[in-house]
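Since the structure of chain R is already known, use the hints to place chain X on it.
Just so you know, the protein sequences line up as chains R and X, in that order.
For any residue, its number in our numbering is found by taking its place in the first sequence, counting from 1, and adding 86.
For any residue, its number in our numbering is found by taking its place in the second sequence, counting from 1, and adding 1114.
Worth flagging that the hints you see were computed from the coordinates, not collected in a lab.
Ideal Cβ positions, reconstructed from N, Cα and C, are used throughout, including at glycine.
Listed below are several chain X residues computed to face chain R (Cβ distance under 10 Å; list not exhaustive):
id: 1; residue: Phe-1149
id: 2; residue: Gln-1153
id: 3; residue: Ser-1156
id: 4; residue: Leu-1161
id: 5; residue: Ile-1211
id: 6; residue: Gly-1220
In silico lysine-lysine, DSS-like type, Cα no more than 30 Å apart, as pairs:
id: 7; chain 1: R; residue 1: Lys-143; chain 2: R; residue 2: Lys-156
id: 8; chain 1: X; residue 1: Lys-1169; chain 2: X; residue 2: Lys-1192
id: 9; chain 1: R; residue 1: Lys-100; chain 2: R; residue 2: Lys-143
id: 10; chain 1: R; residue 1: Lys-143; chain 2: R; residue 2: Lys-95
id: 11; chain 1: X; residue 1: Lys-1187; chain 2: R; residue 2: Lys-143
id: 12; chain 1: R; residue 1: Lys-143; chain 2: X; residue 2: Lys-1184
With the Cβ distance kept under 10 Å, some of the chain X side facing chain R (calculated, not the full set):
id: 13; residue: Gln-1120
id: 14; residue: Pro-1123
id: 15; residue: Gln-1158
id: 16; residue: Met-1159
id: 17; residue: Ile-1160
id: 18; residue: Arg-1164
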Amino acid sequence: NAGVTQTPKFRVLKTGQSMTLLCAQDMNHEYMYWYRQDPGMGLRLIHYSVGEGTTAKGEVPDGYNVSRLKKQNFLLGLESAAPSQTSVYFCASSPRTGFYEQYFGPGTRLTVT
Amino acid sequence: AQTVTQSQPEMSVQEAETVTLSCTYDTSESDYYLFWYKQPPSRQMILVIRQEAYKQQNATENRFSVNFQKAAKSFSLKISDSQLGDAAMYFCAWGGIQGAQKLVFGQGTRLTINP
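Next up, chain R with everything else stripped away, as it sits in the complex (with noise of 0.2 Å):
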């Protein structure tokens, strides 16, 4: 098993351009998640999902859209990057039920000049 594998690990954007981060997770998890990481501020969740079609807003969702059309894929776009978003993207997926657990992808790190 892959477990949680992320597209692409790094990216470099002008301001205004836009791009798709995707996610797959192939352990066929309900719920998958967007994180973004800062320096001294932690990982804050952006948009989350329970299941096929279904997506949420989280702590900081402004500037990001997200979809969710397969179990195993959750995308994250970004329409007009701005440098505010330079940041390391984390995807995470849990099961709905049994042991309470995100599982990480290695990390997308984006930078937006």
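Showing chain X alone in chain R's frame:
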């Protein structure tokens, strides 16, 4: 809303010694989970230990143990016999029981191990 506070941005310890990382949280919920995650330079988030709030017994995992004080809303991590591989960022996190099991993270503590 829940908050998690780690008041020690950096800590250091001599190899083989014991170190304690502090974490406090605020919540109005009575049942929840608390976690410590380790993030080495590879950036991968690794679960170190988990505590269920309704359990009074402190969780332990080999050299890692917690001191969970529910009334004081305190959740510290003790690392015994520190090893060079323990050097990392450590994040404390609160997890809700209801709904989507969202996590709220603290700011992190960078732990350095001195040989």
